Amino acid sequence: DAGVIQSPRHEVTEMGQEVTLRCKPISGHDYLFWYRQTMMRGLELLIYFNNNVPIDDSGMPEDRFSAKMPNASFSTLKIQPSEPRDSAVYFCAAGDRATDTQYFGPGTRLTVL
Amino acid sequence: QKEVEQNSGPLSVPEGAIASLNCTYSDRVSQSFFWYRQYSGKSPELIMSIYSNGDKEDGRFTAQLNKASQYVSLLIRDSQPSDSATYLCAVNYNDMRFGAGTRLTVKP
Chain S
40 DAGVIQSPRH EVTEMGQEVT LRCKPISGHD YLFWYRQTMM RGLELLIYFN NNVPIDDSGM
100 PEDRFSAKMP NASFSTLKIQ PSEPRDSAVY FCAAGDRATD TQYFGPGTRL TVL
Chain H
74 QKEVEQNSGP LSVPEGAIAS LNCTYSDRVS QSFFWYRQYS GKSPELIMSI YSNGDKEDGR
134 FTAQLNKASQ YVSLLIRDSQ PSDSATYLCA VNYNDMRFGA GTRLTVKP
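Sequence order for the protein chains is S and H. Numbered according to the numbering used here, the first sequence terminates at residue 152, and the numbering increases by one at each position without gaps. Numbered according to the numbering used here, the second sequence terminates at residue 181, and the numbering increases by one at each position without gaps.
Just so you know, not all the hints are guaranteed correct.
As the list claims (entries may be wrong) - Here are the simulated lysine-lysine pairs, DSSO-like style, with alpha carbons at most 27 Å apart:
#1 S:63 x S:107
#2 H:140 x S:117
#3 S:63 x H:115
#4 S:117 x S:63
#5 S:117 x S:107
#6 H:129 x H:115
#7 H:129 x H:140
#8 H:115 x S:107
#9 H:115 x H:180
Said to hold, decoys possible - With the Cβ distance kept under 8 Å, some of the chain S side facing chain H (calculated, not the full set):
#10 81
#11 82
#12 84
#13 87
#14 95
#15 130
#16 139
#17 140
#18 141
#19 143
#20 144
#21 145
#22 146
The set of hints was computed from the structure by calculation and includes no laboratory data. This one's a predicted model, so the numbers in the text were calculated from it and none came from an experiment. For each residue, glycine too, the CB sits at the ideal point set by N, CA and C.
Use the sequences and the hints to build the structure in full.
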């Protein structure tokens, strides 16, 4: 089974533009997590889903951020409008609650100019 | 106080030595503890999980947990240059909380 797939791997955009990050989780793992990683703040949990339902979005920094999981095999994280301070690496991770283990995707490196 | 604390390093050890990485956490109800390794420019990779007090060994890696002291550590025996990476401690509350990571360098 393939691991977590994220796209795009790199995204460069201008301030004010809409950005959509995509994630295809590992089948059979019913938890999906979105993280953001920066040098200053480390790895931060943004939101997580269980069986496609958002459980906790308290880590989402502001209303410009939204996430959806329309089905078990796909999730998106959208930033609209984007700002330079959103520049970071965004990771999607698939989770197994039985063991609390998480498997990370390769990440999307976002640069907002 | 941060929920999960790690010494940011860098920690430098010679090849073949034991590397000791430490982590403290603030929530006494945590039940699951993890060590992830992250190479530069890559995603975190799970290397150890531990759920009960004591030691857990996996190859050259040993995780140690002391819930009374709210302390979890990772020992890497016979350190290799390929072990050079940032090691993230993670603690599960209702969701996963990560430490800032300790950067380890193993010198040949």
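Verification of the hints:
no.	hint	verdict
1	S:63 x S:107	holds (12 Å)
2	H:140 x S:117	violated (39 Å)
3	S:63 x H:115	holds (18 Å)
4	S:117 x S:63	holds (15 Å)
5	S:117 x S:107	holds (9 Å)
6	H:129 x H:115	holds (26 Å)
7	H:129 x H:140	holds (14 Å)
8	H:115 x S:107	holds (25 Å)
9	H:115 x H:180	holds (21 Å)
10	81	holds (4 Å)
11	82	holds (4 Å)
12	84	holds (6 Å)
13	87	holds (6 Å)
14	95	holds (6 Å)
15	130	holds (6 Å)
16	139	holds (4 Å)
17	140	holds (6 Å)
18	141	holds (6 Å)
19	143	holds (4 Å)
20	144	holds (6 Å)
21	145	holds (5 Å)
22	146	holds (5 Å)
In terms of the numbered hints stated before, the structure departs from hint 2 and from no other.
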